[in-house]
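Chemist: So the chains spell out like this:
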Amino acid sequence: MNKKFVKRWAIGIGVVLAYAIMWNVAQVDLIRLWQGIPRMLNWLSRSWPPDITEVSTFLLRALETISIATLGTTVAAICALPLAFLAARNIHSNRLVYQITRSILNILRGTDSFVFALILVAAVGLGPFAGMLGVAIHTTGSMAKMFAEWMENSDQTSLEALHASGVSKSKTIVYALLPNAWPNFTSIALYFWEFNVRASTVLGIVGAGGIGMELKNSMDLLNFSRLFMILLIIWGMVTIIDQLSASLQRRLQ
Amino acid sequence: MILRAEQIRKSYHNEKSVLSNVNLTIEQGQFVALLGPSGSGKTTLLRCLTLLEKPSAGRIYFNETELLNLSAKQTVEVRRKWAYIGQRTSLIRRKSALNNVLAGRLNEMPLWKVILGNFPDADKEKALQALERVGLKDMAHQRADRLSGGQQQRVAIARAIVQEAVVIYADEPVASLDPESAKRVLADLRMLCEETGTTILCSLHQVDLAETYATRIVGLSDGKIALDIPARLLTEEEKDRIYTREEQTNGDSRTKTTTS
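Residue numbers (the numbering used here), protein chains in the order written: chain X, 1 to 253; chain L, 1 to 260.
Pulled out of the complex, with its shape left as it was, chain X reads as follows (with noise of 0.2 Å):
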């Protein structure tokens, strides 16, 4: 009893030490965030009313996003269909094979898309196309790996039937896998679609096009009440697509 009582207080200790060092790292400071909340007032107040007068060329940053974020997607699960199939554990035996493969997809998953697309402006120029190349490579990664792990926990029952009667792995995994897999892909797939809409906003910011760009721009020019007019943007669109999402992830059920 006493043994666990002092684990329990040593593992208690530890956590908190360990919040403690972070707080000071992360140079956590409750004094300059009240300070800096008259300058955010004042920012708030000069945002209204929001500037309309350049709608046209945000709503055409803001297409530039989406199209960033859906090819960026599409061509994303293009690529980890295959990779998944190289990283379930139950989908072959080969460990090197595994092993290589996941090490593959967690390097791309655990690169964000923002450096991606922050190297790939340099390598193929300024524009929505490095953006697009950034979030294809880090969403492949993610998504493969989700795919897998799905492989990995779906139901076993109905493959290992037509296992122990002799079929093989490629007809099981055409015939018995694929056909359960579809619906919970696109509906993968879906999910990394919303976020990659929300995460490309940032792009710009890099150069790697959208409506980040022009984010930046009011931010630099302290035009708050521009700035206002982009979120209002944002805002919309990341709520049809969020909606039209979640359509389509109904029609898939």
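The reader is advised that the hints may include incorrect statements.
What the hints assert, rightly or not - Once the Cα atoms are required to be at most 25 Å apart in a straight line, the calculated SDA-like pairs of lysine to any residue come out as:
| id | chain 1 | residue 1 | chain 2 | residue 2 |
| --- | --- | --- | --- | --- |
| 1 | X | Lys169 | L | Thr75 |
| 2 | X | Lys216 | X | Met40 |
| 3 | X | Lys171 | L | His141 |
Hints in this document: simulated from the structure, not taken from any laboratory.
On the provided structure of chain X, position chain L as indicated by the hints.
Modeler: For chain L alone, coordinates are given in the frame of chain X:
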């Protein structure tokens, strides 16, 4: 003799054996009910016999062929004569009953035809006849996950018919069904056994169902064969031989988790 298991032993990670020295010979056309409390090794025995798991020791013969030393390719050849029905549905959920039955023909089809989903008309006819035999012809175009649990198991039986399986292994196929559905499933298995001479090895935990539908009852208790008789009403003493161990091992969660 169609199937013979000799001295089958199975243990996991050096723990107490789940199966110890199981000997079992099954003749063609028998409907063997494998009775036993949960944790007695029924599932493990079925999984060993179907080569889904490798026994720790022993030999398994199917039509005089020793199975445990076969190559992967030879294993596939042998398995084509087997059908396997699990406790939970073994159907492809989003496919129709008919297409699930047609899965029994996958072994005869080249991959490209499977990709196109292009079954010969003769196969479709066969599949419909099989569904008729289990009384589900009207349900042919229902999606599998819209069928009741009992109907799903009967579709799995129809799949075994179309596959022309010589042996059907069924692991607690009626465990999650209501009594009426359970009886229909077992009646269909019995029908197949009588009309086609299909050999059936089916684990059950309800004694009365084994007494009614099987032709032979094998009782498993604590990984050993405790009873092996032609099917008839069991005496209290015979039931005790299978089930009394359960009370002693009730608190023993290890033997339960390894076999269920």
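Chemist: Which earlier hints turn out false for this structure, listed by number in ascending order?
Modeler: Structure breaks no hint.
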